[in-house]
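K.L.:
As they're listed, the protein sequences go chains V and W. 2 is the number of the first residue of the first sequence in the numbering used here; add one for each residue after it. 2 is the number of the first residue of the second sequence in the numbering used here; add one for each residue after it.
No lab work stands behind these hints, which were simulated from the structure alone. Nothing here was measured: the structure is a model prediction, and the numbers come from that model. Be a bit skeptical, because a hint or two may be false.
DEER-style ranges, computed between Cβ atoms [unchecked claim]:
{"#": "1", "chain 1": "W", "residue 1": "Met-85", "chain 2": "V", "residue 2": "Pro-108", "range": "31 to 37 Å"}
{"#": "2", "chain 1": "W", "residue 1": "Thr-191", "chain 2": "V", "residue 2": "Pro-145", "range": "26 to 32 Å"}
{"#": "3", "chain 1": "V", "residue 1": "Pro-276", "chain 2": "W", "residue 2": "Thr-191", "range": "45 to 51 Å"}
{"#": "4", "chain 1": "W", "residue 1": "Thr-191", "chain 2": "V", "residue 2": "Met-4", "range": "57 to 63 Å"}
{"#": "5", "chain 1": "W", "residue 1": "Leu-262", "chain 2": "V", "residue 2": "Ala-17", "range": "34 to 40 Å"}
{"#": "6", "chain 1": "W", "residue 1": "Glu-121", "chain 2": "V", "residue 2": "Ala-89", "range": "37 to 43 Å"}
{"#": "7", "chain 1": "V", "residue 1": "Ala-17", "chain 2": "W", "residue 2": "Glu-121", "range": "50 to 56 Å"}
{"#": "8", "chain 1": "V", "residue 1": "Ala-194", "chain 2": "W", "residue 2": "Leu-88", "range": "53 to 59 Å"}
{"#": "9", "chain 1": "W", "residue 1": "Trp-247", "chain 2": "V", "residue 2": "Arg-152", "range": "48 to 54 Å"}
{"#": "10", "chain 1": "V", "residue 1": "Pro-145", "chain 2": "W", "residue 2": "Val-96", "range": "56 to 62 Å"}
{"#": "11", "chain 1": "W", "residue 1": "Ser-142", "chain 2": "V", "residue 2": "Pro-125", "range": "22 to 28 Å"}
{"#": "12", "chain 1": "W", "residue 1": "Ser-142", "chain 2": "V", "residue 2": "Asp-175", "range": "47 to 53 Å"}
{"#": "13", "chain 1": "V", "residue 1": "Glu-137", "chain 2": "W", "residue 2": "Leu-24", "range": "57 to 63 Å"}
{"#": "14", "chain 1": "V", "residue 1": "Pro-125", "chain 2": "W", "residue 2": "Leu-188", "range": "41 to 47 Å"}
Now the stretches of chain W that chain V is said to cover, found in silico as 3 or more residues with beta-carbon under 8 Å [said to hold, decoys possible]:
{"#": "15", "segment": "161 to 174"}
{"#": "16", "segment": "186 to 196"}
Pulled a few chain V residues facing chain W out of the computed Cβ check, cut under 8 Å [as the list claims (entries may be wrong)]:
{"#": "17", "residue": "Leu-59"}
{"#": "18", "residue": "Arg-91"}
{"#": "19", "residue": "Val-109"}
{"#": "20", "residue": "Gln-110"}
{"#": "21", "residue": "Glu-118"}
{"#": "22", "residue": "Pro-125"}
{"#": "23", "residue": "Ala-271"}
{"#": "24", "residue": "Ile-275"}
Just so you know, even glycine gets a beta-carbon here, dropped at the ideal spot from N, CA and C.
The residues making up each chain are set out below.
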Amino acid sequence: MTMTLLEVSSLRTSFATRSGRLGILRDVSFAIARGETVALVGESGSGKSVTAASILRLVEAAGGRIDAGRVSFEGEDLLSLSPARLRALRGGRIGMIFQEPLSALNPVQRIGDQIAEAVRLHRPLSRRAAWGRAVELLSLVQIPAPGLRARDYPHQLSGGQRQRAMIAMALACDPALLIADEPTTALDVITQAQILSLLAELRDRLGMALLLITHDLGVVAGVADRIVVLYAGQVVEQGPVAEIFAAPAHPYTRGLLDAVRLDTLTPGTALPEIPGLVPPLDALPAGCAFAPRCGRADARCRSAAPPMPPGGARQAACFHPLPAPLPGGHAA
Amino acid sequence: MSTRHPGLLRRLLTHRQGGAGLLLLLAILLLAAAGPLLWPGDPWEMAAPPMLWPGEDAANPLGSDVMGRDLLTGLVSGARVSLMVGLVSTLIAAVLGTLIGAVGGYHGGRIDAALMRLTELFQTVPTFVLAVVLVAVFRPSVATAVLAIGIVSWPATARLVRAQVLSLRGRDFILAAETYGMGTARLLWTQILPNALPPVIAISSLTIAHAIQTEAALAFLGLGDPNVMSWGTIIGGGREQLVEAWYVCGLSGIALVVTVLAFNLLGEGLNDCLNPHLRSQ
Chain V
2 MTMTLLEVSS
12 LRTSFATRSG
22 RLGILRDVSF
32 AIARGETVAL
42 VGESGSGKSV
52 TAASILRLVE
62 AAGGRIDAGR
72 VSFEGEDLLS
82 LSPARLRALR
92 GGRIGMIFQE
102 PLSALNPVQR
112 IGDQIAEAVR
122 LHRPLSRRAA
132 WGRAVELLSL
142 VQIPAPGLRA
152 RDYPHQLSGG
162 QRQRAMIAMA
172 LACDPALLIA
182 DEPTTALDVI
192 TQAQILSLLA
202 ELRDRLGMAL
212 LLITHDLGVV
222 AGVADRIVVL
232 YAGQVVEQGP
242 VAEIFAAPAH
252 PYTRGLLDAV
262 RLDTLTPGTA
272 LPEIPGLVPP
282 LDALPAGCAF
292 APRCGRADAR
302 CRSAAPPMPP
312 GGARQAACFH
322 PLPAPLPGGH
332 AA
Chain W
2 MSTRHPGLLR
12 RLLTHRQGGA
22 GLLLLLAILL
32 LAAAGPLLWP
42 GDPWEMAAPP
52 MLWPGEDAAN
62 PLGSDVMGRD
72 LLTGLVSGAR
82 VSLMVGLVST
92 LIAAVLGTLI
102 GAVGGYHGGR
112 IDAALMRLTE
122 LFQTVPTFVL
132 AVVLVAVFRP
142 SVATAVLAIG
152 IVSWPATARL
162 VRAQVLSLRG
172 RDFILAAETY
182 GMGTARLLWT
192 QILPNALPPV
202 IAISSLTIAH
212 AIQTEAALAF
222 LGLGDPNVMS
232 WGTIIGGGRE
242 QLVEAWYVCG
252 LSGIALVVTV
262 LAFNLLGEGL
272 NDCLNPHLRS
282 Q
């Protein structure tokens, strides 16, 4: 696979807690090709953000530790890079945007200065040239009057504009991969749609790959090429968006999809939900982590964890996958 | 969409204590700066009959001390010394405290533990006694007084900066700065310190007030610069005539109280105006 940009294999990350080390990622593997958009989907606490933080090795500052696995980016092993090389990659080849742009921007620095700073970390530009580049980036992310907005402080911008500014900062040095950690969660529905279409447009224009982390499958549908579903720190299913939406194989994916298909609801009836809660990571069941919440689980699911079948564009770690739809028909 | 906050100066002037402190301080600064032009002369020079009461002679409006030295010239000279010592020693304390607090708070672990033990060591020793010892060990001069006061004044700032850095350390924008490849030194300098600074400015105003008092106390004990007329020197010289010529100690004491009060009021105002949680109320 010469087109592979990022490859995460058998990643295990743990955090120190009072009752010992707690495995947050328990074997996460997936790959992103150049220019591809992959959506990392799962409930709160499934390990989506920790996966992103592990790729950029940000977990170390937060008290986490990468115990095993490999993350290779453009052929380089990120987990064994020197600090200097790592800093060059962060922001240089890999950009990242966060859920809450107001807290992810420095409150006492002008937007333009922050972006110029990010540019100058990786490119030998003068202050004036870096400022020019910052204004250019602000117009790239379609902020009106970018020259004026560059002089504003974060609290002077609207939520959508702040997220655009954050994106501009992440794009400062034309990254090959942009990691977006819940980029639209803090925004209203209209702004969400605008930010998503902006991300898709920038991806196509700049030819970068996008790792979209979200709990909202609605966000995924229009933008992503492939979906990776995480549950309790493990990948339970992955495959092309269209195939997974048409016929989810893992009961958990099916549950997630049912939860967003509001068009099939009758008013007055209860919203569909997956029964139960994500099990606490220090008290995982012996077999499949989803078994206690799964209608299809049997004795085997409760005693052994279903392995992820090797290879293939479409994978699901389940002993009893849902049947593929009949040609032309609906999923079971 | 965009909201403008009024500038700090405007907020300070509309703040009751802060505005009063600022105006008072401006008046003192003006006197200190213009004094030598309005009342030229050496504050040590015997320019009048001794113990001339204020108002007795228009040439010496505030009277003279037991040696016949003009009190107004002395007070103006004292203002210059007090402000200078207060500002420079506080600058030393602020730089030392910020450096120690920021490094400790950012690195944590053993470095932090070692720096905080050092801070506690300085805090357990009475600051004035330490300042006296430091000045006595070296030759008393303005420079040693400034250094000694600076060295005993940093711990409060260090603790404050450390707490600020600890709370900023986990914020998203610090993490974001790391994701675009910023190294430790730059992260501290451009991201953390500008956000940690407002309370340091507020506390520094109080540190200045305390430094001015300490300088006066040192000079009162005869540990001031023998060539410099400071308020402490005047009070020390006037204490034997406290009954016959109480105005010598009284006037310089009032000057001291007013100046310290001005810095305290300013500190109070800065604290309110720089605190984003109080600003909106």
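K.L.:
Now, for every hint given, state plainly whether the structure supports it.
P.N.:
The hints, checked one at a time:
Separated by about 35 Å at the C-beta atoms, Met-85/W and Pro-108/V satisfy the suggested range of 31 to 37 Å. For the pair Thr-191/W and Pro-145/V, the beta carbons lie near 28 Å from each other, so the given range of 26 to 32 Å is met. Under the hint 45 to 51 Å, the C-beta atoms of Pro-276/V and Thr-191/W, about 49 Å apart, fit the expected range. At roughly 38 Å, the beta carbons of Thr-191/W and Met-4/V sit outside the given window of 57 to 63 Å.
For the pair Leu-262/W and Ala-17/V, the beta carbons lie near 51 Å from each other, so the given range of 34 to 40 Å is not met. Taking 37 to 43 Å as the suggested C-beta distance range, the pair Glu-121/W and Ala-89/V conforms, at roughly 40 Å. Checking the proposed 50 to 56 Å range against Ala-17/V and Glu-121/W shows it is violated: the Cβ atoms sit about 27 Å from each other. Take Ala-194/V and Leu-88/W: their Cβ atoms lie about 56 Å apart, and the range 53 to 59 Å holds.
At about 59 Å, the beta-carbon gap between Trp-247/W and Arg-152/V misses the expected band of 48 to 54 Å. For the hinted restraint 56 to 62 Å between Pro-145/V and Val-96/W, the CB-CB distance of approximately 43 Å leaves it violated. Restraint check, Ser-142/W to Pro-125/V: a C-beta distance of roughly 48 Å breaks the suggested window 22 to 28 Å. Judged by the Cβ atoms, the range 47 to 53 Å given for Ser-142/W and Asp-175/V is violated: they are separated by roughly 59 Å.
Take Glu-137/V and Leu-24/W: their Cβ atoms lie about 47 Å apart, and the range 57 to 63 Å is violated. Checked against the given bound of 41 to 47 Å, the beta carbons of Pro-125/V and Leu-188/W, roughly 20 Å apart, lie outside it. Counting residues of the segment 161 to 174 of chain W whose CB falls under 8 Å from any CB of chain V gives 4; the rule of at least 3 is met. Counting residues of the segment 186 to 196 of chain W whose beta carbon lies closer than 8 Å to any beta carbon of chain V gives 5, which meets the minimum of three for the stated coverage.
Interface restraint check for Leu-59/V: the shortest CB-CB distance to chain W comes to about 6 Å, inside 8 Å, so the restraint holds. Contact between Arg-91/V and chain W, as hinted, is supported at the beta carbon level, the nearest pair being about 4 Å apart and thus within 8 Å. For Val-109/V, the shortest C-beta to C-beta distance to chain W is roughly 5 Å, which falls under 8 Å, so the interface hint holds. For Gln-110/V, the suggested interface contact is upheld, since its CB lies about 7 Å from the closest CB of chain W, less than 8 Å.
Annotation: Glu-118/V was flagged as interfacial toward chain W, and the flag holds, the nearest CB pair being 6 Å apart, inside 8 Å. Interface hint at Pro-125/V: violated, since its Cβ lies 14 Å from the closest Cβ of chain W, which is beyond the 8 Å cut-off. Hint on Ala-271/V is violated. Least Cβ distance to chain W is approximately 36 Å, over the 8 Å limit. Annotation: interface hint on Ile-275/V violated; nearest CB of chain W at approximately 29 Å, more than 8 Å.
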